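Enquirer: Now for the letters of each chain:
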Amino acid sequence: MNPDLAQERRRATFDPEQVTSLLYRGPENVRKRRYLQNAAIQDQVLRGSKPWAFQSRIEQYETALQMYIYMMNKLDEMGVTDPLERMYYQEAGAPHYYNPMALHTGMFIPSIEKQGTKEQKERWLPMARSLQLIGTYAQTEMGHGTFIRGLETTATYDPSSQEFVLNSPTVTSMKFWPGGLGKTSNCCLVMAQLITHGKKRGIHLFFVQIRDLKTHRHMPGVESGDIGPKFGFNSNDNGYLKLSNVRIPRENMLMRYSKVLEDGTYVPPTNQRIGYGTMVFVRAHIVTNSARGLSKACVIAIRYSAVRRQTEVSPGGPEAQIIDYQTQQYKLFPLLATAYAMYFTGRYAEDYYEQIASEIEAGNLESLNQLHAVCAGLKAFSTWACTAGIETCRLCCGGHGYSHASGIPKLYTYYTPGCTYEGENNVMMLQVARFLMKIYPDIKRGGPIHEFVQYLGADLTQKSCMTEEVALGCLLKAFQHRAARLLSDAAARIENLVRSGKSRQEAWDASTVALTWAAKAYCHTFVVRTFSQIVSDAAVDKSTKDVLTALCKLYAIDGIIENLGEFIEDGFFSPHQVSFLKNKLADLLAEIRPNAVALVDAFDYPDKTLDSCLGRYDGQVYPALYEYAKNSPFNEQEVLDSYHKFIKPAQTEQSQRAPMARL
Amino acid sequence: YNLATKDPFFRKFKPWAFQTREEQYEICLQKHLYINKKCKELNLTEPVDKFFYTEAAAPHENSPIGLHTVMFIPTIEKQGTEEQKKRWLPLAESLKMIGTYAQTEMGHGTFIRGLETTATYDPRTREFILNSPTITSMKYWPGNLGKTTNHCLVMAQLYTQGKNCGIHMFMVQIRDLETHMPLAGIEVGDIGPKFGYGTNDNGFLRLSNVRIPRENMLMRYSKVLEDGTYVKPPNAKIAYGSMVLVRAAIVTDAARALAQACVISIRYSAVRRQTEVSPGGEEAQIIDYQTQQYRLFPLLATSYAMYFAGRFMYDFYLKTTAEIEGGNLDSMPQLHAISAGLKAFSSWMCSAGVETCRLCCGGHGYSHASGLPKIYIDVVPGCTYEGENNVMMLQVARFLMKMYGKLQNGEALPTFMQYMSTDLNKKSCMTEEVALNCLVMAYEHRAARMIRDAAASMEKLVQSGKSPVEAWNGSTVMLTWAAIAHCHAFVTKLFVETVVKSRMDSKVQSALTSLCKLYAVHGIVENLGGFIQDQFFDSKQVKILQKKLMQLLAEIRPNAVAFVDAFDYPDEVLQSCLGRYDGQVYQALYDYAKSSPMNEKEVLDSYYKYIKPAQNGKYQQYSKL
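In the order they appear, the protein sequences are chains B and Y. Per UniProt numbering, the very first residue in the first sequence carries number 1; after that it's consecutive. Per UniProt numbering, the very first residue in the second sequence carries number 1; after that it's consecutive.
Hints are computed from structural coordinates only; laboratory data are not their basis. Be careful, since some hints might not be right.
Where chain Y lies over chain B, by a calculated footprint (3+ residues, C-beta under 8 Å) [said to hold, decoys possible]:
id	stretch
1	172–182
2	221–229
Simulated pairs of lysine to any residue, SDA-like, Cα-Cα distance not exceeding 25 Å [what the hints assert, rightly or not]:
id	chain 1	residue 1	chain 2	residue 2
3	Y	K50	Y	R311
4	B	K648	Y	P8
5	Y	K37	B	G571
6	Y	K6	Y	K40
7	Y	K96	B	Q454
Predicted, not measured: the structure shown is a model, and the values here were computed from it. The beta-carbon is built from N, C-alpha and C at its ideal position, and this holds for glycine as well.
Construct the entire structure; sequences and hints are all you get.
Expert: Structure representation (structure tokens):
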């Protein structure tokens, strides 16, 4: 054990086990999580492969496929069915591989379950569960992403044969990006514009077989393949798909909600938005998932900062641990706080989803808008904060952070697509803004509104209650005030533009930056509120609660200082109050310092999950880096073939000197 | 550019993203050896000319022999004696010696004095004995060290007559010139795959009792005599020159990277359409969305600003080094502070900007087909190498505190620091017109105030009983803020001056002025707290700036594509399906996908190996549902 890390752990003022228990919902769940992780870590088959970074892309794909099929069987054998528990096992078993069949279990099967008729479920689900059908979900097209109504793929009903004819009429209409589509899947759910009786009926889902179930070769009319190497996700065969007059039976349209009858009559769904559930569910999970990414990066960067030493503090003295530098603390500790904030918020969003989803199933759609806005906003807010945070963690590890030995570049490339997939973040923020503007008249009128948005109607002339003590309540009020003011500013801007003669649409378009500010402030407030609520409700001992409270305050104060203009533009804080906040920020960094390592230990990631030479629990950073280097595939040969092929001839060409071995 | 892009030699290779790392290295090596030869044939000697040729021939491919030309040879030239130059330079020019520069160790980076490698002089044999005494002392990261080079300049702690004489540079042969095998006492290799720089065999080096003759220490300035007597250099700082040059180059590199990212994302934003503006109508070009403009146009302005800053930096370097060579060291602290600050400021702004450009391209930005991930991983190490950015900012802060002390004592300040003496009670002159000089004044006001605040914070801590070192350490966040504000003011002022002085027709002038204003106004709005916490702007002025910002976005919109075209990068340099000059984005993406190595076989071997055996259900007999 590295002595610096050992000392860090001794110096902590609280018991990390209590926080672990809070994070993973109780000791029983912590025990289960550890059991599953250990089962994966100790499994000989899963241990076998060489590090991912030493593999070619084809090897990465193959390793991932092998491991995930193996784990799927193991989990079934063990009778593990809960998705979260399955994830714990997989995270430890194949930490850095994206599962080429992830969408088979994550989207293909659930969509059939949710949107298929009873007959369809009976027909497809057993085959899908036994992997005879391996499917994915093909929505995104080369030219069309977040704006689903713009999709170009067509499914035209032919009543004479009672079939749909699917086509990709243009290059831009080609499906592009769906995971597992390129090489792995043999069928997929295709999102397409339905046309019956010569009329467009909007987008619907169709079940299309793309490869022969026996030979895996393409079906007639299907052209598909991998889309090529990417920033990350290289073990995934994200694919393209071009359909030319592909015919499928009428029964292959997912018809639980809308239907096409034999004669081609279209029966619309009872509620247009009923299909949105899955999308909202996925977004809620992205929040927790981003938090996981950032928390792993924090574990690595903070442990390494306790081990790494640089620059003697006084001439001739020992070099300082870099975690003792205020600048390093100022970068890392707010991110640590962010990781906790997002984790708690993500969990809250998941719970909220479950609650509303059951209301929706029961036919009550009242809260759907609220849920939709919250999940869209938090998805965007968390992915932005967490992915930028991961990069900051990487940079905090200096040069070594750039090596794949650190494990952080892989985290970054794994999590950053969250900003663009499942709804591009800027579009998400504007959806939040649209929701807020829609209820804005009610807010102004003081009508009955949800508790999430009630504060938006508060009196904007009120000043902050902040004192030197910096109470959590005053911090939360500050966030609420800022959100309310930015919303009112955006609304005022739109009204002004309308009054100056612009149409509503033009006024909206010319105000999207101000609207985005308001939406972000709303999400930020939501996170601060959730974090402080969970901390104050937490059943932990006093020393633990103190540490969590400090972390929560740091999150809030850092958020204010980093966005100071928005908090003081209208004189809400006096200059005096600003200096309280700045002083408190410096105090909090010092206060959290002794507990930083314990706070990352509390996330309880085994080394195998982190897969990082820098983030090891035992702090043996340098021997690990040396090992990593020695194992580089470049070092298999002492002298590379390219030396003989290229360097040697270049030397002889340029030099007439006699050969010599030594100078 | 054309010489390189039209040369069939460079066209015969498949795209870098389709290559394994071994292939990337090998192809890049081939290209750079060819470039080396071609430059000689074409008689290209100016570094900028060579750079243009290389950039077009091997864009964003870090050369396996790069440090040989930019560090190894120049260091011998600058720090070697006449005899050493005569002995080594011809061999190096002819590639008989291929060298690199080994400073960074596994446990030691920016703090050079902390290096652990030792070179102990043995007067009996007149040799130095080099050792890596600990695991942390191993050289780690030097470019091209792993597999390519046969020599390197090793930075080590010199010990002679039992005393430590600080760090010095030693020429060490690491591989046999004939067989290329490592010599006795040398353990050397590649450090493994990284985020980027796959073509570079960044290496590790462990030395065990490696003996080199006394003449292998670079002795232009300090010397070790035959008997082991150490002779100090006349000026301790004299060796810093090449470090400053490298930092100056990073500013321009960062600007170039951001410029290329802007070309790609702005062209793509003009081609990509999303969301019908009115129901049933046409989908809009995404460049017409204000949120997209708000993210991209300030970055476009930043790339221009940084490019001008880089050019200034290089000129200032040449001017100051000429003075230094002439014995006048007066400007050295300024040169050091400006280069450290601009290096950090530009690499931070530009790498973050490149990522924003990537995200502005939506999902497609994530594919290597966009070219953007490559640009990012190529530019972002600039934040940590050649002086870690936070450390750089604190060096700037140290300089600023010295200047602040001078100001307090009524001493004269260098021209570019004179803004510090402005009256901090004065309010902004900003009006509806948003004049350039009021913008510059705002930046200078903010920097001056932050410098004062940081100084005050330290003083307060000292008064409360802390030592000066503790007070410094307790104020580094504020000091960093001050240093960043100073750099921001410097870059803004330089941009304004460049635009005002440029002699171009009035249309160009007015377009550039808008861009420059956007840079300045956006910087204020994004860092508003720093400008208004002392009420420098009143709330009316803030509203003016926010409104102006939106106007400027609309003003720049029609010229956005022309602004990126002006950077004049050929498609071969951009290597991007999204950033093509002709805008044939989608066909290019399709072609990229079709040529993916995963598509060479319609059914991969892994299907038979893993998927097939897993499908042991009862449906095995069907091939179609």
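Enquirer: Check the structure against each numbered hint from earlier and tell me which ones fail, lowest number first.
Expert: 5, 7
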